[in-house]
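Colleague: Sequence:
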Amino acid sequence: MKKRFWMGILLTLTLLLIGGCSSDEKGAKPAEDDSSNEDIVTEESTSEENESDSAVTEDDRDEEVNEDTPAEPSDEEEETVDLEDQENEEEATSTPQTIEDNATQEEKDKAVAIVTEYLKEKGELVEDKDHFVQYDGTFDTYVIVRYSTLVSGHSSTNGRYVVDLKTKKVQDFDTIMDSITE
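Those letters in the sequence shown? Residues -23 to -1, 1 to 159, by mature numbering (1 follows the signal peptide of the UniProt record, and there is no 0).
Heads up, a few of these hints could be off.
[What the hints assert, rightly or not] Result set (DSSO-like, lysine-lysine): computed pairs, CA atoms no more than 30 Å apart in a straight line: (1) K145 x K87; (2) K87 x K146; (3) K146 x K97; (4) K145 x K97; (5) K146 x K106; (6) K145 x K99; (7) K85 x K146; (8) K145 x K106; (9) K87 x K143; (10) K99 x K87; (11) K106 x K85; (12) K143 x K97; (13) K85 x K143; (14) K99 x K85; (15) K143 x K99; (16) K99 x K146; (17) K97 x K85; (18) K145 x K85; (19) K87 x K97; (20) K87 x K106.
Derived from the structure by calculation, the hints contain no laboratory data.
Predicted model only: the values in this text are computed from it and were never measured.
Start from the sequences, fold in the hints, and give me the full structure.
Modeller: Written out as structure tokens, the structure reads:
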């Protein structure tokens, strides 16, 4: 009985809240329309009370308590979570996540020249004052080069490339990062 009473109160408050929020809009209905919502709530509450007034059984009470109390994780679940945390921590510490700036000027120039030639061969390089290839940093043993376009005074990156200066091999930055982090 108490449960139905509180459900009726909750439903009434919800409808009043929704009605109050909708009256803030342009062209909102006048306040008299809110009384029709209250009539509906009253009818619903009355019909629920008239259904059956049987007492709540002990099983129903147990179910309500079980729904409200959170289940404690089993030992197996805790071990799984601990293993996942440990794996994530190992990944974070084993893979370098930062781009550094420790290349010499000669290495920077060489990497930019290699990427410029690579983009020319692919037909992706636009040679004008608004498109440029520039050194971006180093990652592990690779030199990172950025191909950018100047748009309205702001630089927009068209691509980032990783250069292995020993083999003069150029690869897409995202491809290298995906293979390193796996």
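Colleague: A separate judgement is required for each hint: does it hold in the structure or not?
Modeller: Evaluation of the provided hints:
1. For the hint pairing K145 with K87, the CA-to-CA distance comes to about 9 Å; that is within 30 Å, so the pair holds.
2. The straight-line distance between the Cα atoms of K87 and K146 is roughly 12 Å, inside the 30 Å bound, and the hint therefore holds.
3. Distance check on the hinted pair: K146 and K97 sit about 15 Å apart at the alpha-carbon level, within 30 Å; holds.
4. The hinted pair formed by K145 and K97 meets the criterion: a straight-line CA distance of about 15 Å does not exceed 30 Å.
5. Distance restraint check for K146 and K106: the Cα-Cα separation of roughly 26 Å lies within the 30 Å cut-off, and the hinted pair is therefore satisfied.
6. With a CA separation close to 16 Å, the supplied pair K145 and K99 stays within the 30 Å bound.
7. For the proposed pair K85 and K146, the alpha carbon gap of about 15 Å is at most 30 Å, so the pair holds.
8. Between K145 and K106 the CA atoms are separated by roughly 26 Å; this keeps the pair inside 30 Å, and the hint holds.
9. At most 30 Å may separate the alpha-carbon atoms for a hinted pair to count; K87 and K143 meet this at roughly 11 Å.
10. Taking the CA atoms of K99 and K87, the gap is about 19 Å. The hint holds against a cut of 30 Å.
11. Of the pairs offered as hints, the one joining K106 and K85 holds, with about 20 Å between alpha carbons and a cut-off of 30 Å not exceeded.
12. This hinted pair checks out: K143 and K97 have alpha carbons roughly 21 Å apart, not beyond 30 Å.
13. Note on K85 and K143: the hinted pairing holds, with a Cα-Cα distance of about 13 Å set against a maximum of 30 Å.
14. Only pairs whose Cα atoms come within 30 Å are accepted, and K99 paired with K85 is accepted, the gap being roughly 21 Å.
15. For the hint pairing K143 with K99, the CA-to-CA distance comes to about 21 Å; that is within 30 Å, so the pair holds.
16. Between K99 and K146, the direct Cα distance comes to roughly 14 Å. Compliance with the 30 Å bound is thereby established for this hinted pair.
17. For the suggested pair K97 and K85, the alpha carbons sit about 18 Å apart, so the restraint of at most 30 Å is met.
18. Restraint check for K145 and K85: satisfied, since their Cα atoms lie roughly 13 Å apart, inside the 30 Å limit.
19. Taking the CA atoms of K87 and K97, the gap is near 15 Å; set against the 30 Å cutoff, the hint holds.
20. Our distance criterion of 30 Å between C-alpha atoms is met by K87 and K106, whose separation comes to about 21 Å.
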